[in-house]
Amino acid sequence: MDVKHMIVIMMSAVFVNNYVLSQFLGMCPFLGVSKEIKNAAGMSGAVMFVMLIATAATWPIQHYILHEKGLDYLQTVVFILVIAALVQLTKIILKRYIPPLHDALGVFLPLMVSNCVIFGVTITNINNDYTFFEAVVNALGAGGGFFLAMILFSGIREHTQNADPPPSFKGIPLTLISAAILSLSFFAFGGVVENLFGH
Amino acid sequence: MTRLKKTPKLGILTNGLVKENPVLVSLLGICPALAVSTQSSNALGMGIAATFVLICSNIAISSARGIIPKRVRIPCYIVLIAGFVSFVQMFVEAFAYPLYQALGIFLPLIVVNCIVFSRAEVFARKNSVINSAVDALGMGAGFTLALTAMASIREILGSGTWFGISIPLLSTYNIPIFTMAPGGFVVFAILIAIVNKVSRGKALRRTEFGCAGCPSEHNCGKGGQ
Numbered sequence: 099m100d101v102k103h104m105i106v107i108m109m110s111a112v113f114v115n116n117y118v119l120s121q122f123l124g125m126c127p128f129l130g131v132s133k134e135i136k137n138a139a140g141m142s143g144a145v146m147f148v149m150l151i152a153t154a155a156t157w158p159i160q161h162y163i164l165h166e167k168g169l170d171y172l173q174t175v176v177f178i179l180v181i182a183a184l185v186q187l188t189k190i191i192l193k194r195y196i197p198p199l200h201d202a203l204g205v206f207l208p209l210m211v212s213n214c215v216i217f218g219v220t221i222t223n224i225n226n227d228y229t230f231f232e233a234v235v236n237a238l239g240a241g242g243g244f245f246l247a248m249i250l251f252s253g254i255r256e257h258t259q260n261a262d263p264p265p266s267f268k269g270i271p272l273t274l275i276s277a278a279i280l281s282l283s284f285f286a287f288g289g290v291v292e293n294l295f296g297h
Numbered sequence: 093m094t095r096l097k098k099t100p101k102l103g104i105l106t107n108g109l110v111k112e113n114p115v116l117v118s119l120l121g122i123c124p125a126l127a128v129s130t131q132s133s134n135a136l137g138m139g140i141a142a143t144f145v146l147i148c149s150n151i152a153i154s155s156a157r158g159i160i161p162k163r164v165r166i167p168c169y170i171v172l173i174a175g176f177v178s179f180v181q182m183f184v185e186a187f188a189y190p191l192y193q194a195l196g197i198f199l200p201l202i203v204v205n206c207i208v209f210s211r212a213e214v215f216a217r218k219n220s221v222i223n224s225a226v227d228a229l230g231m232g233a234g235f236t237l238a239l240t241a242m243a244s245i246r247e248i249l250g251s252g253t254w255f256g257i258s259i260p261l262l263s264t265y266n267i268p269i270f271t272m273a274p275g276g277f278v279v280f281a282i283l284i285a286i287v288n289k290v291s292r293g294k295a296l297r298r299t300e301f302g303c304a305g306c307p308s309e310h311n312c313g314k315g316g317q
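Each protein sequence line maps, in turn, to chains A and B. Counting from 99, one number per residue, gives the positions in the first sequence under the working numbering. Counting from 93, one number per residue, gives the positions in the second sequence under the working numbering.
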């Protein structure tokens, strides 16, 4: 277990290869639920939570069942069903045992089934041949990166609400331009990981 | 059985292409639209793959519309769509390996593409098989058209080529930022602004990104908004 290697995976998922801002995964919640910081935080909390559980569940399924039995071609079907079932199960368990968490994340949980960042990260973990521990760290980093992007972006959007753009740029185009600038600012992190850890 | 509406086929087809273009007007399927539009050939390949899945899923869901119980229809759609996506994945891997590598993770991600879901939910489960197939063809063509248009702008300005053919002056003086993430956002923003301008603000009925077409819309209470 190389700690440095884990930190590199984590840092690159949060900053350098941010899943939202440089790989365009999870655009719908990023653009749709980022109007208020409160909702943005709830949504990212749900994403982080489900992402961890989904990775912890799909990795063993891929390696010990699908790959072992030569059923790799069923990956897409099995993963999406497992994620859908997990989301329902999580919702029920949270409601019964941790009601405060359910109140905070509840409305966002059903959205996770069709969220491409969850599905995308579970598949990326398999494609990159990560070990179980690496996969979990990557999921944590992806969730953290999503959280960071959401919070920053909702902060920006609260300011652009009072802006006065040209009429055709009102609303959606303005939101996208703000996203472009945020994504551009994340370029500054390029090379940070290599320089810090010498990879 | 619900009563079938009589709608002219041509109207359904152009509806998807122009009036309700899934990417530029309905703002669905933004993730693949932004991610694979760095090269025109990838965008075209992605468009064709998604169109195939759309047509198959619309035909299957429309044929089974009397059988699928209303309460479990979303899981049923997921399984059907995932099946077709797996088929496309294997087909592309076998016959177009460079495209398979270029699209990477976005090929399996057609499963969670909102366009496929929303057509199943909005159109296929209420209309006849033939109308659903025509609707899927229109929507798929609209998706492909929007993707290819976006990719053409980004590829010509960003790397000075179009479908891999280099353009004399531009290939020397290209602007690489257009092929990167921020360029994707900017080009998309400008295209939507043009749609806004041309239609005098009438085309986009929603002024914000919202939940329309999201398969989970009915059970999430609008995502807290």
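Accuracy of the hints is not assured; some may be wrong.
What the hints assert, rightly or not - List time: in silico DSSO-like cross-link candidates among lysine-lysine, alpha-carbon distance up to 27 Å:
id	chain 1	residue 1	chain 2	residue 2
1	A	268	B	111
2	A	167	A	133
3	A	136	A	189
4	B	218	A	133
5	B	162	B	218
6	B	162	A	268
7	B	162	A	189
8	A	193	B	162
9	B	289	B	111
10	A	189	A	102
Said to hold, decoys possible - Listing some non-contacts, in silico: residues in chain B with all C-beta distances to chain A over 10 Å:
id	residue
11	107
12	165
13	166
14	170
15	171
16	175
17	181
18	190
19	218
20	256
21	286
22	289
Hints are computed from structural coordinates only; laboratory data are not their basis. Beta carbons are placed, not taken as given, at the ideal position from N, Cα and C, and that holds for glycine.
Each hint, compared with the structure:
no.: 1; hint: A/268 <-> B/111; verdict: 20 Å, holds
no.: 2; hint: A/167 <-> A/133; verdict: 46 Å, violated
no.: 3; hint: A/136 <-> A/189; verdict: 20 Å, holds
no.: 4; hint: B/218 <-> A/133; verdict: 34 Å, violated
no.: 5; hint: B/162 <-> B/218; verdict: 12 Å, holds
no.: 6; hint: B/162 <-> A/268; verdict: 39 Å, violated
no.: 7; hint: B/162 <-> A/189; verdict: 21 Å, holds
no.: 8; hint: A/193 <-> B/162; verdict: 25 Å, holds
no.: 9; hint: B/289 <-> B/111; verdict: 15 Å, holds
no.: 10; hint: A/189 <-> A/102; verdict: 35 Å, violated
no.: 11; hint: 107; verdict: 21 Å, holds
no.: 12; hint: 165; verdict: 13 Å, holds
no.: 13; hint: 166; verdict: 8 Å, violated
no.: 14; hint: 170; verdict: 6 Å, violated
no.: 15; hint: 171; verdict: 7 Å, violated
no.: 16; hint: 175; verdict: 6 Å, violated
no.: 17; hint: 181; verdict: 7 Å, violated
no.: 18; hint: 190; verdict: 17 Å, holds
no.: 19; hint: 218; verdict: 20 Å, holds
no.: 20; hint: 256; verdict: 22 Å, holds
no.: 21; hint: 286; verdict: 7 Å, violated
no.: 22; hint: 289; verdict: 4 Å, violated
Violation of the numbered hints given earlier is confined to hints 2, 4, 6, 10, 13, 14, 15, 16, 17, 21 and 22; the remaining hints are satisfied by the structure.
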